[in-house]
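K.L.:
Residue-level listing of the chains:
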Amino acid sequence: MDLESTVRALEKRVGELEDRLAIYQLMYTYGPAADSGSAKAAAHLWTADGVYDVADVAAMTGHRELEQMYEGKTHQALIHKGAAHLTASPHVVINGDRAVATCYSFVFAHEDGNYKVWRVSSNRWDFVRESAGWRIKRRTNRLLDGSEQARAILGRAVE
Amino acid sequence: MDLESTVRALEKRVGELEDRLAIYQLMYTYGPAADSGSAKAAAHLWTADGVYDVADVAAMTGHRELEQMYEGKTHQALIHKGAAHLTASPHVVINGDRAVATCYSFVFAHEDGNYKVWRVSSNRWDFVRESAGWRIKRRTNRLLDGSEQARAILGRAVE
Amino acid sequence: MDLESTVRALEKRVGELEDRLAIYQLMYTYGPAADSGSAKAAAHLWTADGVYDVADVAAMTGHRELEQMYEGKTHQALIHKGAAHLTASPHVVINGDRAVATCYSFVFAHEDGNYKVWRVSSNRWDFVRESAGWRIKRRTNRLLDGSEQARAILGRAVE
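Chains as they are written, first to last, in our numbering: chain A, 6 to 164; chain B, 6 to 164; chain C, 6 to 164.
This is chain A alone, in the form it adopts within the complex (with noise of 0.2 Å):
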């Protein structure tokens, strides 16, 4: 290969990479941002008509409906007892101005001065790449409860 041409691959291939991390960074803001409450940053991951699709709890569309939630009496009470949603080991696959990420979550709360794992879940994450960045379009949230449902998203990811 010239110089060039292989200067215009490495650019491509950069790109690739970049992308990736980038999406990794999206994903492990989550978390800070649903556990101290940041309302606001928290909903902002998602695009404007983004969907957190959580079978056994709601689906909430939009930054207000998601704003609200984390602002509810319901994940206030959660965070300041103290909690940690994990957001762990995300195989991502890209395809030019999309993404998917097929992942697990969890919830450890803190009750009575122990931790209790309290939800564990598949998850797939849509993104789309904005002029800002990476966002998430869908993210739908399974327990592993043994439904057919969570597993199939994670079957998913390895077709």
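I should point out that these hints are in silico values taken from the structure, not numbers from a laboratory. The model shown is predicted, which means the values in this text are computed figures rather than measured ones. Misleading hints may appear alongside valid ones.
The list makes no distinction among identical chains, and a pair is therefore deemed to hold if it is satisfied within one copy or across any two copies.
Said to hold, decoys possible - Listed next, the in silico DSSO-like pairs over lysine-lysine satisfying Cα-Cα at most 30 Å (straight line):
1. K78 to K17
2. K86 to K121
3. K45 to K121
4. K17 to K45
5. K17 to K86
6. K121 to K17
Position chains B and C against the provided structure of chain A, taking the given hints into account.
P.N.:
Here is chains B and C on its own, set in the frame of chain A:
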């Protein structure tokens, strides 16, 4: 450095970054494959002669033995009650077409509506680069139950 | 952009990716060093004057105090019963030769044949680049027990 030398050095550096992120991706594929019961996908993360050595449970060699374990009663019962096989905090050292990762693995198991931290292990993964990409040559898993073996796996990474 | 400018810009971008992955690697070295009882390796993740501030336990300054903690009775008893010090979901911001990471840390402790989630903390790591690579200048660990301080560490990352 002249431009051509800089470009050749960059190619090498970008290749190393790609390798590291490909190894993260491989390791983060394990959980989704195991917990969705995708026995073939899980087994094929290993080389054809790959070994999964879980001292306190079993040692499996090759795709067929690995598939049989993921299709077996114990594993199937676990994932049908709800389980998360988490691979966490990969410390990765790459050396050409070989690489070693040291990390923790956890199994969170759903039982009677609660989640239990069932297994916590130290792990060493030996990888080789094949024509289709990185594969596991050997994975060694030792329960962190106070045994010297489990600590030794972690110690090797920081010698 | 002409070819030379493109190459210079790529060098900078690749350097930033390498920094980010080097910081992940440093953070993912902590657990293996601590849980294998590699006191010297653990201590030397910090700068010579580095601080580990764990408000509810102690504050250590410099390699000697850090080594003494990892060699001390409490830590040794913990790892000889079986423990996993997990560093999880690093949110990393790099600024030249300084960097800050915000993440969760967990201690899973083996007790009577079971695993207990013993500690769940928010963490801020301040790094500096030394001639030998990135080191920890200060690590601040606050138990997520409902305290404002623990939430504030997470909140700073998303301001």
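K.L.:
Could you run down the list of hints and mark each one as holding or not?
P.N.:
Do the hints match the structure? See the list:
1. K78 to K17: Intra 46 Å, inter 46 Å, cutoff 30 Å: neither.
2. K86 to K121: both (12 Å within a copy, 19 Å between copies)
3. K45 to K121: within (27 Å within a copy, 33 Å between copies)
4. K17 to K45: neither (33 Å within a copy, 32 Å between copies)
5. K17 to K86: So K17 and K86 fail the 30 Å test inside a copy (46 Å) and across (43 Å) alike.
6. K121 to K17: neither (44 Å within a copy, 44 Å between copies)
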